[in-house]
Every structure is written in structure tokens, then in C-alpha cells.
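Enquirer: Chains as they are written, first to last, in the working numbering: chain A, 1 to 136; chain B, 137 to 272; chain C, 273 to 408.
Watch out, some of these pointers could steer you wrong.
Stated by the list, open to error - Here are the simulated DSS-like cross-link-like pairs (lysine-lysine), alpha carbons at most 30 Å apart as the crow flies:
hint	chain 1	residue 1	chain 2	residue 2
1	A	Lys67	C	Lys363
2	B	Lys203	C	Lys363
3	C	Lys339	A	Lys67
4	C	Lys363	B	Lys227
5	B	Lys203	A	Lys91
6	A	Lys67	B	Lys227
7	B	Lys227	A	Lys91
8	A	Lys67	A	Lys91
9	A	Lys91	C	Lys339
10	C	Lys339	B	Lys203
11	B	Lys203	B	Lys227
12	A	Lys91	C	Lys363
13	C	Lys339	B	Lys227
14	C	Lys363	C	Lys339
15	A	Lys67	B	Lys203
Worth flagging that the hints you see were computed from the coordinates, not collected in a lab.
Residues per chain, in single letters:
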Amino acid sequence: MIQQQTIYLPQYRRGFHLITHVIEQELNELPATGILNLLLQHTSAALTLNENADPDVRHDLENFTNKLIPENHPVYTHILEGPDDMPAHIKSSLFGANLSIPITNHQLNLGTWQGIYLCEFRNRGGSRRIIATIYS
Amino acid sequence: MIQQQTIYLPQYRRGFHLITHVIEQELNELPATGILNLLLQHTSAALTLNENADPDVRHDLENFTNKLIPENHPVYTHILEGPDDMPAHIKSSLFGANLSIPITNHQLNLGTWQGIYLCEFRNRGGSRRIIATIYS
Amino acid sequence: MIQQQTIYLPQYRRGFHLITHVIEQELNELPATGILNLLLQHTSAALTLNENADPDVRHDLENFTNKLIPENHPVYTHILEGPDDMPAHIKSSLFGANLSIPITNHQLNLGTWQGIYLCEFRNRGGSRRIIATIYS
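So here's chain A without its partners, still in its complex pose (with noise of 0.2 Å):
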């Protein structure tokens, strides 16, 4: 059995977020068993697993992100869309905008520590759209 839907989220700033239970809050009662498949519609921002607890690393993932993957290096060509284009589309491919998560006894089966992030590389990344699709 399929079920889809689209989820969307409000505008978040720039940085890592967690959205573990915006996510909870807008599915439906869960199959006893199955996968969450989670797809984020857009190539400046990603979807990630990490920590739940400290916000410490949110915070880190953003300095330290930004620094992996600077504004304004001299390889960027597309430039049109501001500084904080070229790098969101390269961390939108390496963080990745696709988890599937399994759902156990109708919870989503993570880690203790584990949470969902959207990662927003853009200033004014806007509100952001999930499909959200579980099979069970």
C-alpha cells in the first residue's frame, strides 16, 4: 500500500533545523510497518539525518559548511542568483535531498539520537516542499 502527500514547511532561516516533528505532526497515522520516503523538492537546501539534542551541532554544521564550501570562490560562474547560490546548490548535492526511513510498530523508527534536518543554504530560501510518499 502507497500513500503520498506533500508536506510544506514554513521559511527557515538560514541553517541546519530540526524538523523531526513537523514531519510526525503533518503525516497521518502510521502503518504498523513500512518506509517513510522523504524527497525535499529543491537544489538549495537538503534533507540530513543528526543529532537531536544539543544544538551546538547545528550550529557547527553551518560554520563549519560554510567554510567547506565558501561564498564568492573564483571557480563560480553562476552568480546571478547572489553569493549564497553557487554553494547551496553543491551542499544541496553532498548533504542530499532524499531520506527513506523505516516505521516500526506506527513510529518512525530512528536512532535515539537521530533527528531530521532541513538544511537551509539559502538567506531567503522561501517556504520549502516535501513529498512525502510511505509504503507499507
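Starting from the known structure of chain A, arrange chains B and C on it as the hints suggest.
Expert: For chains B and C alone, kept in the frame of chain A given last:
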């Protein structure tokens, strides 16, 4: 219901290439609702989602990635297959060889600006093989 | 049809480890056609696909990744769990904790040179847990 097929890609030159149309042409009629899973069966190339419009994004991805994960790095010991080989393995794991794309109304449900990229990291990677599995 | 089980990995030392045979041994007989979804339930380790032959590839991945995402970077504030902790979180999101592998003729349908890696990013990561979900 599960359907599976192998997609053979022609040789692409080193770089990032938009292959959404190739994938769509190879697949039979898509089901109303489902998931398309793609696995690239290689370890020196990758599949990712990124912008389908401005080709500068693909050029910048290639040029920046070559700076981030350079050839001839002093730590490399796996060098017998040429200077482009070990960086290609690293890039393959960072970009990933695996995508799961929702199917809605008999079509791939990507974002408006999202396309499927083959990331060819070898100078002469030869033809590449993808296992496409559709469940519905 | 969906089957699900937990796979407990023994403690591995820091580095990249080929675990295809461990996964295959833990799984029951595979269906004729399907998908194996693997979720590593941790945020300081990862799962990836890479070369299954030359162990130098695993050594180079470890050594290069340690240069790319170093310990003791000045931006890190999440440092209470040791200098290997924050880099491990960053690496986990870049390599990813999630794989979906096609099953064909009752076997994992990986490429000839492709193997499943556990990427252990902590010095003492302890045992690790994977949720394996097979749908067919």
C-alpha cells in the same frame, strides 16, 4: 508491485550531466503512485539531484568538486589506476550512488528546477549501469 | 510484502570497513525482486557504497576525510564529547546513514566492484545498529 530494469548509459565525459530525459525514456509507463529507486552500479561516479536549468551549475559543480577533492593528494596510496581514480571514489561516496524519487500521476515528482545528474568522476569512465526499481 | 529486522554490528575501529558479507549473513533468504533499505541509527557513523577490492581505497578514504573535516576546527563549539565527535557528526551527514539496494534473483544487485561500507568516525564508537527493511 515491483518492476525492475537495467538502464545502460552511454559514455559521458568527466563532469556533471543532466540525465532526467534519458531515465524517463528508458522506463516503461510509470504507475499512478509509487517510488523509483535508482542505484548506479559503480564506485567512481554518482547520481544526484540538482538544478536542471543553467548549465553553469554543472560546470561549477565540476570545478569546485575538483578543488575540494583534488588529484595527487599526498595521503593517496590507491594510485595505480591514475590520478583521477582515488578522488573519484571519494566523490562517489560523498555525492552518493542512490536515489529514491516519488512517482505521482504517472510522472517523476521532482521539483520544478530539479533534475537527475550523472556525476562522471573518471576521465574515461566508460558506459555506466543503473538498476531502476519501481514499486507501486 | 515488508520484512524488517535489526542488525547489530560489533564494534569496529575508526575507519571505513567492508560489511557486505555481514549484512548478507544477517538477512534471511532474500525475495526474488525487491529493495533492501538500510538505516544506520547513529549520527557519528555512516553507510556508503564503495570499492570492495583494494583495501587502500578504505585507508585513503579515512585519511583524506580526516583532512577534509579535521578535528579541533576553530568553529566547533560542540566539543565536550572529545575532538573526534563534531567531525564525526559532519562526516555522518555528508556520507549519509541510509542506503536502498535493489534485490534481483534473491541477491543484492550491487555492481561488481561495489560493497557496503560502515564508516566509523568515532575513536570508540561502540557497537552500531542498522534497521534493515525489505520490500518485495
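Enquirer: Hints first: check each against the structure and report whether it holds.
Expert: Structure-based check of each hint:
1. A:Lys67 to C:Lys363: Roughly 15 Å between the alpha carbons, so the hint for Lys67 of chain A and Lys363 of chain C holds.
2. B:Lys203 to C:Lys363: holds, 18 Å
3. C:Lys339 to A:Lys67: Holds - the C-alpha atoms of Lys67 of chain A and Lys339 of chain C are around 14 Å apart, at most 30 Å.
4. C:Lys363 to B:Lys227: holds, 13 Å
5. B:Lys203 to A:Lys91: holds, 15 Å
6. A:Lys67 to B:Lys227: It holds: about 18 Å lies between the C-alpha atoms, which stays within 30 Å.
7. B:Lys227 to A:Lys91: Since the Cα atoms of Lys227 of chain B and Lys91 of chain A sit roughly 13 Å apart, the hinted pair holds (cutoff 30 Å).
8. A:Lys67 to A:Lys91: holds, 12 Å
9. A:Lys91 to C:Lys339: Distance ~18 Å between Lys91 of chain A and Lys339 of chain C Cα, so the pair holds.
10. C:Lys339 to B:Lys203: holds, 14 Å
11. B:Lys203 to B:Lys227: Holds, at about 11 Å.
12. A:Lys91 to C:Lys363: holds, 13 Å
13. C:Lys339 to B:Lys227: holds, 15 Å
14. C:Lys363 to C:Lys339: holds, 12 Å
15. A:Lys67 to B:Lys203: Distance ~14 Å between Lys67 of chain A and Lys203 of chain B Cα, so the pair holds.
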